[in-house]
Amino acid sequence: MFNYTFHWNQALRSLPQMLDGALVTLQIAILSMAIGLAIAIALTLFRLSGNRILSGFATTWVEVARNTPALFQIYMAHFGLGNFGIHLSPYTALLVGIAFNNAGYLAENFRGALKAIPDTQTRAGRSLGMTSLQAFRWIIMPQMLRIAFLPATNQMVWAILMTSLGVTVGMNTDLAGVTQELNARSFRTFEFFALAAVIYYVIAKAVTLAARAFAWRMFRY
Amino acid sequence: MIEIENVHKSFGELKVLKGIDLTVSKGEVLTVIGGSGSGKSTLLTCINGLEPIDSGRIVVDGTDVHARGTDLNKLRRKIGIVFQQWNAFPHLTVLENVMLAPRKVLGLSKAEAEETAVKQLTHVGLAEKLSVYPSRMSGGQQQRMAIARALAMSPEYMLFDEVTSALDPMLVGEVLDTLRMLASEGMTMICVTHEMKFAREVSDRVAFFHQGIMAEIAAPEQLFDAPQHPETKKFLAATH
Chain A
1 MFNYTFHWNQ ALRSLPQMLD GALVTLQIAI LSMAIGLAIA IALTLFRLSG NRILSGFATT
61 WVEVARNTPA LFQIYMAHFG LGNFGIHLSP YTALLVGIAF NNAGYLAENF RGALKAIPDT
121 QTRAGRSLGM TSLQAFRWII MPQMLRIAFL PATNQMVWAI LMTSLGVTVG MNTDLAGVTQ
181 ELNARSFRTF EFFALAAVIY YVIAKAVTLA ARAFAWRMFR Y
Chain B
1 MIEIENVHKS FGELKVLKGI DLTVSKGEVL TVIGGSGSGK STLLTCINGL EPIDSGRIVV
61 DGTDVHARGT DLNKLRRKIG IVFQQWNAFP HLTVLENVML APRKVLGLSK AEAEETAVKQ
121 LTHVGLAEKL SVYPSRMSGG QQQRMAIARA LAMSPEYMLF DEVTSALDPM LVGEVLDTLR
181 MLASEGMTMI CVTHEMKFAR EVSDRVAFFH QGIMAEIAAP EQLFDAPQHP ETKKFLAATH
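Chains as they are written, first to last, in the UniProt record's numbering: chain A, 1 to 221; chain B, 1 to 240.
These are calculated hints, taken from the structure and not from any lab test.
Glycine included, C-beta positions come from ideal geometry on N, C-alpha and C.
Incorrect hints may appear among the rest.
Have a look at the derived ranges for each label pair, beta carbon to beta carbon [claimed, not checked]: (1) T131/A to F11/B: 24 to 30 Å; (2) R136/B to F79/A: 52 to 58 Å; (3) G35/B to P69/A: 16 to 22 Å; (4) P151/A to E221/B: 41 to 47 Å; (5) G50/A to M1/B: 30 to 36 Å.
With the rest of the complex left out, here is chain A (with noise of 0.2 Å):
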């Protein structure tokens, strides 16, 4: 019934571009982390200041972020704030995009960590003279993090799994995109996607074994 002839050589052979375009997306997914951590920090101390501006604006941002369409997050990047005049290259429309929808997420993981730490922490904290902010920098935060950590790697492979939305950005150097111009020009479409799903699959198993040895080494207490 199936008249299909693999030609699963033809697809090893690119091997080597793909495995290019992996360490893109890699090197998206690490930076959209980064930046979406950076963000997700400043958000919860929005949402922490009491300013119901700041509040307001950091609630909108994880609201959005994590109730519409990841695709319609990073076209918003791309052509969406394209018709204002700001042009991104698919590359930083990609990172853009992906380091919202992970700020949202991972504010949202801090709100979630911050409830199982007891307000009673900070109270000794500020009762030995530090400010608010040093009282979270230093007591709350690194208790956040460690809470939060597992959840958040999660999204880190949600996260090298969105970079393969940036084909429809015309983005062509990450694993998505060169794996759609190799099938673009093969049409070895079951091959070609294959090989590149197996080359997800082990970044993504990859850094969640990373993270789970580098919980294990970090958080000792």
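Mind docking chain B on chain A? Use the hints.
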């Protein structure tokens, strides 16, 4: 000197402090006893400005704690407080717990902060536990660490809020011994406690709180042996 003048404090409808007047001199050890909800713990958190007051005044060495413009962070450096729940910072070792505030608040170098921390931890008998995480210690040890953490800021006053109440009875002694040692060294202390024997032994004066009012304050022999206020009599009869 800590001067407390006609302090009122409510939590919503609940009046917790109803006009407290009290002066604590340098070097004095005052213990505060009384039933739950009598306002004694609230008073401590008002003294270092963790809780605002509704009216009245609390003045520490001439600084009005609750006045606008008072730098509470600066004021708190000289008023150490230790709570019933010791609030160890779980992500830091014992040494790091004690070093944190001297480094970040007082701006001491790592070496200076470590020297101070080791000194204070040795003082409370935890010299062997420097690199241990708090979760590996007993409640009594964690509470002594919390005391060392407050002492590392070189406070002039120490407030103790029922520091033995959450402890296993076996561990109460070691913490009280630490407080006794501080008292004998001349530290100005206000101790809210349920340990009557301890109160009698270390205090210069004992205050009895009842329903937000300081019903009686006197030297320990007088308050324990010849209480004047009917509520004091009732309380002491019930706790002896």
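Status of the hints after comparison with the structure:
no. : hint                         : in the structure
1   : T131/A to F11/B: 24 to 30 Å  : holds, 25 Å
2   : R136/B to F79/A: 52 to 58 Å  : holds, 56 Å
3   : G35/B to P69/A: 16 to 22 Å   : violated, 60 Å
4   : P151/A to E221/B: 41 to 47 Å : violated, 60 Å
5   : G50/A to M1/B: 30 to 36 Å    : holds, 34 Å
Hints 3, 4, counting from the list given before, are not met by this structure.
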